[in-house]
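**Q** Hey, can you work out the whole structure from these sequences and the hints?
Protein chains in written order, with the working numbering: chain A, 1 to 156; chain B, 1 to 156.
These are computed hints drawn from the structure, not numbers from a lab.
Among the hints, erroneous ones may be present.
[Claimed, not checked] What follows is a set of in silico ranges between Cβ atoms, one per label pair, in the way DEER data are often shown:
hint: 1; chain 1: B; residue 1: Glu13; chain 2: A; residue 2: Val148; range: 38 to 44 Å
hint: 2; chain 1: B; residue 1: Leu138; chain 2: A; residue 2: Asn137; range: 40 to 46 Å
hint: 3; chain 1: A; residue 1: Leu84; chain 2: B; residue 2: Leu42; range: 40 to 46 Å
hint: 4; chain 1: A; residue 1: Glu25; chain 2: B; residue 2: Asn137; range: 30 to 36 Å
Keep in mind it's a predicted model, so treat the numbers as computed, not measured.
Note that CB positions come from ideal geometry on N, CA and C, so glycine has one too.
2 protein chains.
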Amino acid sequence: MTSKAFQDYYPDEFAHCYGCGRLNENGLQIKSYWDGDESVCLFTPEPHFTGGFPGNMYGGLIASLIDCHGAGTASAAKIRELGLSMGEKPSSRFVTASLKVDFIKPTPMGKVIELRGKVTEIKERKVIVNITVSADNLVCAKGEVVMVQIPEKPGN
Amino acid sequence: MTSKAFQDYYPDEFAHCYGCGRLNENGLQIKSYWDGDESVCLFTPEPHFTGGFPGNMYGGLIASLIDCHGAGTASAAKIRELGLSMGEKPSSRFVTASLKVDFIKPTPMGKVIELRGKVTEIKERKVIVNITVSADNLVCAKGEVVMVQIPEKPGN
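**A** What follows is the structure, given as structure tokens:
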């Protein structure tokens with residue numbers, strides 16, 4: 001892992017996301033990194049992010065983490081595909097076309113949650129990422145996101 | 001619409017969800033109601049729930065609203081299928097087996113967001129709900145949730 005996360009390279013105007021924007025002071029500010037061919041994000045939810053049952057995590061947060069980690073992974077994968085290092089040019093920013101989550105077992109509160117992403121398709125403006133969500137090395141949810149690159153401004 | 005929402009009938013031990021639990025003081029506390037055969041939920045996000053671009057809503061919140069509105073709709077649909085009115089017996093609580101969201105266009109900030117749900121399948125412990133997310137009567141996202149009923153305790 002490197003010390004600077006994928007999200008730290010987003011252009012300022014696209015860095016306001018509640019889930020992953022470094023400029024959103026009230027947001028979750030998740031951070032994603034390469035770990036070999038996989039992307040990884042570690043996250044410990046605050047106590048109020050419970051599901052209906054207080055010992056479990058809120059499903060919407062699981063979907064949110066998958067979405068934002070997927071967008072970050074797509075952005076970094078596009079840079080890597082171009083043969084560049086992060087920071088060599090402004091990061092491509094991706095938006096979500098579709099999001100699918102399968103909830104396998106309850107995700108516990110009070111644990112470090114690990115998301116691991118694998119790029120399964122990268123083609124022109126589209127990147128597909130498969131993501132697992134684990135706690136204590138047990139997979140609690142699986143997700144797939146289809147990400148589409150926002151066209152870059154001339155000069156970027 | 002009635003004045004008491006689906007979520008107001010959840011048993012206390014399942015009313016802690018960040019998205020829809022009436023006992024989660026830091027949560028969104030969304031409220032869902034019948035409007036004929038459809039379920040409806042109106043929600044105005046706080047300003048920090050932006051997406052990467054500040055004028056649009058955070059995709060994770062859209063997924064979260066679909067998830068919680070879907071769980072509430074499943075619960076109310078089960079009560080209705082039994083020929084009962086809300087409150088006649090403790091509400092069945094549902095958990096999400098899978099969640100799918102197609103993002104069609106950016107969901108604007110500063111607007112009332114309307115979710116409308118339709119039950120497309122109800123079979124024993126499984127309920128499938130299709131949901132649209134609209135602003136200014138334009139559909140911004142579509143979702144499908146597969147909900148599974150939590151087994152009730154004896155005596156409920």
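**Q** Now tell me, hint by hint, if it's right for this structure.
**A** Structure-based check of each hint:
1. B:Glu13 <-> A:Val148: 38 to 44 Å: Since the Cβ atoms of Glu13 (chain B) and Val148 (chain A) sit about 41 Å apart, the hinted range of 38 to 44 Å holds.
2. B:Leu138 <-> A:Asn137: 40 to 46 Å: The hinted range 40 to 46 Å holds for Leu138 (chain B) and Asn137 (chain A), with Cβ atoms some 44 Å apart.
3. A:Leu84 <-> B:Leu42: 40 to 46 Å: 45 Å, holds
4. A:Glu25 <-> B:Asn137: 30 to 36 Å: Holds: the Cβ-Cβ distance is about 33 Å, inside 30 to 36 Å.
When held up to the earlier numbered hints, the structure conflicts with none and fits them all.
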